[in-house]
Amino acid sequence: MSKTECVISKLPTPQRDTELRQVWRHLRRNRLAMAGLAVLALFLLCAIFAPLLAPYDPIETNYDVALQGPSTENVLGADWLGRDVFSRILFGSRISLTIGLISVTIGMVIGVPIGAISAYYGGKLDLFVQRLIDILIAFPGILLAIMVVAVLGVGVENVMIAVGIASVPIYTRLVRGSVMAVKEQGYVAAAKSLGIRDARIILRHIMPNCLGPIIVQSTFQIATAILWAAGLGFLGLGAQPPDPEWGAMLSKGREYIRTAHHLTTYPGLAILFMVLGFNLLGDGLRDALDPRSRKY
Amino acid sequence: MYGYVIRRLLLAVPVLIGVSILVFAIIRFIPGDPARAIAGVHASTEYIEQVRKELLLDEGLHVQYYVYITNLLQGDLGRSTFTGRPVTVELFNRFPNTIVLSASAMLIATIVGLSAGIISATRRYSLFDNASMLGALVGVAAPVFWLGVMFQILFSVNLGWLPSGGMGTWKHLILPALTLGLATAALIARITRSSMLEVLRQDYITTARSKGLVERVVIYKHAFKNALIPVVTVMGLQFGTLLGGAVLVETVFSWPGIGRLMVDSILARDYPVVQGAVLLLAVFFVLINLVVDVIYAFLDPRISYGSREVD
Chain A
1 MSKTECVISK LPTPQRDTEL RQVWRHLRRN RLAMAGLAVL ALFLLCAIFA PLLAPYDPIE
61 TNYDVALQGP STENVLGADW LGRDVFSRIL FGSRISLTIG LISVTIGMVI GVPIGAISAY
121 YGGKLDLFVQ RLIDILIAFP GILLAIMVVA VLGVGVENVM IAVGIASVPI YTRLVRGSVM
181 AVKEQGYVAA AKSLGIRDAR IILRHIMPNC LGPIIVQSTF QIATAILWAA GLGFLGLGAQ
241 PPDPEWGAML SKGREYIRTA HHLTTYPGLA ILFMVLGFNL LGDGLRDALD PRSRKY
Chain B
1 MYGYVIRRLL LAVPVLIGVS ILVFAIIRFI PGDPARAIAG VHASTEYIEQ VRKELLLDEG
61 LHVQYYVYIT NLLQGDLGRS TFTGRPVTVE LFNRFPNTIV LSASAMLIAT IVGLSAGIIS
121 ATRRYSLFDN ASMLGALVGV AAPVFWLGVM FQILFSVNLG WLPSGGMGTW KHLILPALTL
181 GLATAALIAR ITRSSMLEVL RQDYITTARS KGLVERVVIY KHAFKNALIP VVTVMGLQFG
241 TLLGGAVLVE TVFSWPGIGR LMVDSILARD YPVVQGAVLL LAVFFVLINL VVDVIYAFLD
301 PRISYGSREV D
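Those protein sequence lines, which keep their order, are chains A and B.
Position one of the first sequence corresponds to residue 1 (this note's numbering), numbered consecutively onward.
Position one of the second sequence corresponds to residue 1 (this note's numbering), numbered consecutively onward.
Heads up, some of the hints might be wrong.
[Stated by the list, open to error] If you anchor each label on the Cβ, the simulated ranges turn out as follows: (1) A:Glu73 - B:Thr169: 42 to 48 Å; (2) B:Leu16 - A:Gly153: 25 to 31 Å; (3) A:Gly153 - B:Asp58: 19 to 25 Å; (4) A:Leu194 - B:Arg209: 52 to 58 Å; (5) B:Arg209 - A:Gly186: 40 to 46 Å; (6) A:Pro241 - B:Tyr47: 28 to 34 Å; (7) A:Ser193 - B:Glu59: 50 to 56 Å; (8) A:Leu81 - B:Tyr220: 56 to 62 Å; (9) A:Pro241 - B:Leu61: 36 to 42 Å; (10) B:Asp58 - A:Pro241: 37 to 43 Å; (11) A:Leu53 - B:Glu46: 51 to 57 Å; (12) B:Phe298 - A:Leu81: 54 to 60 Å; (13) A:Met34 - B:Arg36: 53 to 59 Å.
Treat the hints as calculated values from the structure; they're not laboratory data.
Only a predicted model underlies this, so the values are computations on that prediction, with no experimental measurement involved.
C-beta: ideal position from N, C-alpha, C; glycine also.
The following block holds chain B by itself, in its conformation from the complex (with noise of 0.2 Å):
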């Protein structure tokens, strides 16, 4: 197992520098001049001289790549052409923002999806297994960002109950956290049910049902384990989605995030703060597949994950 964590560690070292890559080449995909317009349209001559002197542009790109990674590895991703401050200062002031907000969803993710999919597969076609079914349906295809417009209109607006943005209280996070959470609930339900239904029809089911053990054992201690192993590689992958739906839901809620951050930046074409999210996001979304690999290897043991044990 540890051999097998050090080779998923190793393999996404190039996807990592690939990765690197593609951000740095961001600006110098730019059409045009890429620092006039990072300048601005109104900038002087002078000052476009300067940004295109502080991003080395009339430098081969090798050299160019080379200072970019050499600064990056040592925790400076540069100045933002808005503020001044340097981008790591406000990466890191809106990332646990974001850290938090997109954690709480996974987290009622987990819990609406994994709880509605077990029900639904235990009663088949009954009326709990029709609605969340429909629900899940409803719950894929909503856009994030009305669901989120929806939430304040009803709870904020009508009823009065919770904020309808910023940050500051516990109040703040539940609408954002649950207009983001929804969706992958939904998807998480759709996989639990139609998981947990192949493993009640598996063999080893009927013999512990006719070794007379309660049904809550068969289900938790027998089904549920087993169920769980495409849910996890679908949570895995739908991270990805919720750090993309973080952007939108950021941004209805007014929730000072780094999706937030990175669309204002885009307006502002404030590119090195652009880079940083982006960067940030993906370096964070290599990791997080990386231990969900890590989970899955955990709960199959039937997965050979290292050479030894292939032989």
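Extracted from the complex, chain A is given alone in its bound form (with noise of 0.2 Å):
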């Protein structure tokens, strides 16, 4: 190895890697936001090891304890055909995590392409793509997936789809707001004036600088989904029997509110918790991401 090689090989990291590690440098420093990826650790542990940790079946049945309170054989209580709440809310983590993940994914699948497109051609299409998203918007989150899902018909895919689909003008706005400040950029212009392809130019010099605030968006996004597909789940419209989905388990837990409250508290706190989680991580992120509100 040359002289010159070997001075090369001790500079620092790349710049990314380096903005990476500062990150999480100010993250690591933000207890509430490590609270809460503390929380999320724990229930993506639980949503992976759910069938080593659960002490039942989830949906196994045993009459003899049916609506019992919370007790050394069922940690949580037991359900009206006498199922395992503990295993049942664990198993559930699993469901919810998969519905917040895919149908942000969706969201952000459809929403950030159409968001970054709109934002860097402007002129009509930006027009016509705003007024399209204004439509959407007219409409509460949680009304639109309740509408895809008197579409689509009740069913968790259809929840994570219906979800996605609500999630798709809050990625589109975002993005393209992102896009609007970018595009103006010196290094944009010159990329542009070397001929170099728009699609290339959206993809490596525009979409990486508009990461951050689409990751936190995110973040909040999973919360939200969460909380959409709970309340779908809630009214009858998302999981269905016997799939342990923390919503569903909610609403059937209520018939039995005055002798057996152990099955609305425990899926509702489960739920409450998840979101806790994300929402912290969330507002982390959103600072440490925020060169401003760095300090060195």
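Got two chains here, each in a separate frame; can you build the complex from them with the hints?
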């Protein structure tokens, strides 16, 4: 190795790596964000290892313990069919996380390119796309999701599609705003003058600089998606029995609030903590990705 | 200002036309045969044909939409396939109940949210500030339907103070309005706090204080109105969330509003009612946003809205 090569190899790591490290350093100092991350890590472990962690099969019935409160055998009690609430909540974390992640991916895959293209080309295309988005925004999010479920029918898959479609306008507006700001930068004009294709400019030069807001929004959007999906499950429009979906568990548990309120309390707490985890992490990421709020 | 309001009203027209197209499309997007889906699995062939004829499903889409929009403008939204009554009658029986619930919830959210936000900002890092901001974090994350059930368990089942559901006296309104309002209150409290803190850092606040003004005057007369601008925006946006939440809260408390009607209609595949309910809520939401924009213009005179003002 020549002396020059040796010096180059000892140069600081590329800028993106440094940026990531800075974000992580900042995030690590934020106690609330770390608490959120810990909660989410716990839920993720529960979802992955549910078959190993759950003391019972989530759909196995045992009428001897039906409607019994928390005990040493059933730590969070049993439901009207004697199914273990703790095991159902553990398996339910799989459903909630899957719905949250897939529906946000659907929203992102549709919304981000539309927002980016609309902002990059501007003009009549932008005007047309934005009026379409105005129409979608005229429907409150969960109402839009309910409308899609009304068309497609009930079930977990349709809930994911519905919540994903309801997320599209949020991503489109967000990305449009970010791309509008970035496309005015000098390096984009330089790339254009070099004759680089539009698709490449958008993908290689503009989008990497819009990732921050997308990541932050996605964290919050997963929380919203989980809340919407649980709401649809609660209304009987989401997961169907015997799936251990938290919203549906809570809905059926309402029939027993006078005798067995553990059936509504614990699934609701599970939703609350998962949503809280994503919100805290989102708050932390927003601060960490905003250079103005970083203190060194 | 009047010019802005008129322009804003005109801009709402294409949105409302788009909303009507989307709602019209609900039935047409049903996978398979929409007439069979609406008539039900056990319906006779004759009945399916009757539904097809009533909805003009054999005609072109432009003909179907023309008839739909003409009827809509005459206040005819069709008939419920479940009860046989006109959809408009079904909607207008229920809509006032949703308005009462949403308005009460917004009132609670505004009072609780603004108060908590202002006190938190003026007593930063105090016990009240920490407790209310923790409460706000939890309030935003708590599913509204779960909160409702928890209130039912506490106030109806355990304490027996309030009815657990239904509609009749003012007591029936307390729990649903509180449930629906608290999540919005949490958000308003967070926004008010950060907005107040931002305003309290401004030079004109320091000037007001240095003139020897009483702190109460500084807070309410100088800081509060300016801090309200982002709060009003969030409140307007939150009204949509509130309407969405109303669908869930009405189900929890058996409140006979439009949200519950919509969910019952989806489960019964009563599509004309679903269309009517969605349309009414969306139009209402568009109008609320319009009102919020006007309030925003009133609160923030720095923003120019008319072309003359821009010049």
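Evaluated hints:
With their beta carbons about 44 Å apart, Glu73 (chain A) and Thr169 (chain B) fall inside the hinted range of 42 to 48 Å. Range check, Leu16 (chain B) to Gly153 (chain A): about 28 Å between beta-carbon atoms, so the 25 to 31 Å window is met. Checking the proposed 19 to 25 Å range against Gly153 (chain A) and Asp58 (chain B) shows it holds: the Cβ atoms sit about 24 Å from each other. With their beta carbons about 56 Å apart, Leu194 (chain A) and Arg209 (chain B) fall inside the hinted range of 52 to 58 Å.
For the pair Arg209 (chain B) and Gly186 (chain A), the beta carbons lie near 44 Å from each other, so the given range of 40 to 46 Å is met. For the pair Pro241 (chain A) and Tyr47 (chain B), the beta carbons lie near 30 Å from each other, so the given range of 28 to 34 Å is met. Checking the proposed 50 to 56 Å range against Ser193 (chain A) and Glu59 (chain B) shows it holds: the Cβ atoms sit about 54 Å from each other. A hinted range of 56 to 62 Å holds for the C-beta pair Leu81 (chain A) and Tyr220 (chain B), which are about 57 Å apart.
Checking the proposed 36 to 42 Å range against Pro241 (chain A) and Leu61 (chain B) shows it holds: the Cβ atoms sit about 38 Å from each other. Asp58 (chain B) and Pro241 (chain A) have their C-beta atoms about 38 Å apart, which keeps the hinted 37 to 43 Å range intact. For Leu53 (chain A) and Glu46 (chain B), the Cβ-Cβ distance of about 56 Å falls inside the hinted range of 51 to 57 Å, so the restraint holds. Checked against the hint of 54 to 60 Å, the C-beta distance between Phe298 (chain B) and Leu81 (chain A) comes to roughly 57 Å, which is consistent with it.
For Met34 (chain A) and Arg36 (chain B), the hinted distance range of 53 to 59 Å is satisfied, since their beta carbons lie about 54 Å from each other.
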